[in-house]
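Taken in order, these protein sequences are the chains called Z and X. One point on numbering: in my numbering, the residue at position 64 of the first sequence is 64, and numbering is uninterrupted. One point on numbering: in my numbering, the residue at position 112 of the second sequence is 112, and numbering is uninterrupted.
Hint data in this document are derived by calculation from the structure and do not stem from the laboratory. There may be inaccurate statements among the hints.
Cut-off 20 angstroms, straight-line C-alpha distance, at most; resulting in silico cross-link-like pairs (PhoX-like, lysine-lysine) [what the hints assert, rightly or not]:
(1) Z/Lys158 with X/Lys14
(2) X/Lys77 with Z/Lys156
(3) X/Lys112 with Z/Lys140
(4) X/Lys152 with Z/Lys158
(5) X/Lys112 with Z/Lys158
(6) Z/Lys156 with X/Lys149
(7) Z/Lys70 with Z/Lys93
(8) X/Lys48 with Z/Lys280
(9) Z/Lys496 with Z/Lys420
(10) Z/Lys158 with X/Lys77
(11) X/Lys3 with Z/Lys158
Chain by chain, the residues:
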Amino acid sequence: MAEVGFKILIVEDDANLGATLREALTRKGHFVFHVTKPDDAIQLMTKQVFNYVLADCLLPQMTGIDLIKKIRAEIPNESPTKFLLMSGIYTDKAFQQEALQESKAVGFLKKPFQLEELDQFIKKVELPSLPNASIESPRKRLYEIFEKEKVSPREKRKLIESLEEVDGYDLPFIYSLLAETKTSGHLNIFTDRGTVSGVTFFQGLIVGVDVEDQSTFLGHMLIQSGYLAPQDLKDVLSDKSPRRIGQKLIDASKLSPHAFDMILNEQMNVRLTRTITDGKVRVNFVSTEVEEISPSIDSDQLTEYLHDWVASKIQLSWLESLYLMWSGQRILKSSQWKDDHAVFKTSFLKRLKNLPERLAQGANINELLSTDGYDPTSIYKALHLLLLKGLIIFSSEKVALDASAQRQHVKKIYGQISNKESNEVLELFQDLLASKREAEWLDELMKFIGPAPLDPEVLKLWQVVKDKFDKALRIHWSETDTQLTATRKEDSSEKKIKSIRLMDEAKAQLQLNRYKKANELLAEVSKLYPQATGLRVCVAWGQLGALDPAKKQFQLKDIELELMQVPPDERYDAMYPFVMGLYQKAKGDLATARKSFEKAQAMDPSFIAPKRELSQLDTAKNTPKQDVFNMDLKDVIGGFFKKKSG
Amino acid sequence: MSKFQCKVDRQGQKLTLQLGGIIDEDADFAPLALQGAQEVQIDLDAIKSINSCGIREWIKWIGANSTAKVVYAKCPKVIVDQMNMVDGFLPAFAKVESFYVPYYHEDSGSEKNILFRYGVEFKEGQIQPPTEVKDESGNPMEMDIIESKYFKFIKAKV
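Between the sequences and the hints, there should be enough to build the whole structure, so can you do that?
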């Protein structure tokens, strides 16, 4: 493969010669397009930028020199394409010199020419001044904090101020940095849909959240959090005085001011959750004096919320993509590491046994992924949380992979991309490629996968991965960005619409206790649109309905993972306490299950399922257990044939 | 904390507004109707900050204008950031007469805002910054912004 793969356009009216040249240059690792007519070349060049155009001097319609002049005039671009002329007829020196002068081409190749001659030209011309010099995006610079032991608060603030377009999933990191640097001001967030949201900080405390959808169902939050009995809420709601609901509850001694503050914080959490979306947002931070407002979200509480957001909002595939570039680098404890940090009390960290010890040994992500009992979701989410809190950093030194590590590495990448469409492959690697020129992408991807392995079995996988990269880049470069974006948007909207319909069907099946069908539908939704509202709760419900007694212990662990990932704003729907009740019931905790069913019923009296569960619990409670071994035989036999009443 | 303030000066069909303080949910633009004026000069020198509610209010207010020629003057960084990022914040009928550019000296940490004026330090698609900016102690200062991001609105228009 060539040192650097370039995008080359061949304009050659001899179809056979053009095809041969294309094939030979492709084998050299370049990305080559061939057209036979000047008009086709111009059309193609309006859609994409080429590093090189190889134009034959004698073309139909116009000469190669005229074509170059026309392209320069009609398609000015900031990173000029370099032109090479070629000819088998006009080969005398005087003509060459004149042609070069007139067209400002960088070289003249006499046909037939050896490919090495072309390589020499490229090396001589290209390498000293590559076009589109790498520009590091502010977002990429932000994540470089993950490799730095010390970054001053000013540097962090400046990094945030420099941001413009980020992923919605970057917001937890930005909130965490603003909190950590004790900053005051407003973070304004803009979406493509034209919505504007904002988060206000007072010396690092979050004191205000402004989102378009302000509804938070305060009553549901009070019941679900256990601060208020359903009947107390009914009583207060029947009071028609103009006071606010919180004030009414405090005045009636149903709720303490402290508990109400906690709920108001939770309300901010729900609103913050709504800002963390899949897709691009633009942000700008206005540093300013801000009044201290109570209640506010402090650092400890933010740690809990960060866990909630990382657990419930951020997709595993996004984390896999973000951490690809560090997958082989050692993870080190930072100077801020504390064994008793609040983050270690959060669920994902608790699920990974002996993680601090594994980190002390200098493990990298690939090694963690192959640790028994560690699942990818928990690993990526736990690491993300530790990095957001600055407790760990990546070693800046890249560790060379030995044969066994490369085997794991290749298998992992194969697993990640083998079922992906070409555009999804590039999306997965977008963070790795973000600061590279397009012409360097294949090289960067190949550097990432490493040299061809010796083991024939791994070599097969390596080849599949390489082909996938190659195909993805070809498709990317053969379509314009606008075309791609439009198609993707269309696909994504269709998927969303379909998933909403499937979710409704699945919910109906769950209500009818048809778990097999419901689970099939939910599996389809998970594939189509994993961010669908209510998906995790429904999946947990379906799994609880289809529990296999022999595997119950393991299944409950999976269900726990699903429930941990329910977003905060979905926990105030009656379905959440209901499914929590089913989970508690499956674990044998009937008293807590009853409370959960009662909460669900209070939140939505028309929801039949919790009512049914409560009546089953009542029946079980009222039916005395029969000790068949000490009963009269007549009663035992009689019991078998007794008619059921009602 | 400085609340939103506004000083209105109406002379014939020319309206001059001097805005200051914080543009947030409490900022009341209702008394600042632009209707009837042919020329509106908005002096933003004393604006301290703007939050998301303020941005929404601003767009609603300025967007309601249909006839007047609007000029933004002495725009502080917080306003320039919004002009660059938010559609409708600097509508097609509005022009920028002057805006501030933050400067910084790394070793001493000194900061200063320099006013860039139309026709002097900038014009359509062009920036001509002062050749030298020094702090109180005579240290040469550098622009404390990302130029491609901060001057974006000039590329689009002024």
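(message) So, against the hints stated earlier in the document, which numbers end up violated here?
(response) 1, 3, 7, 8, 11
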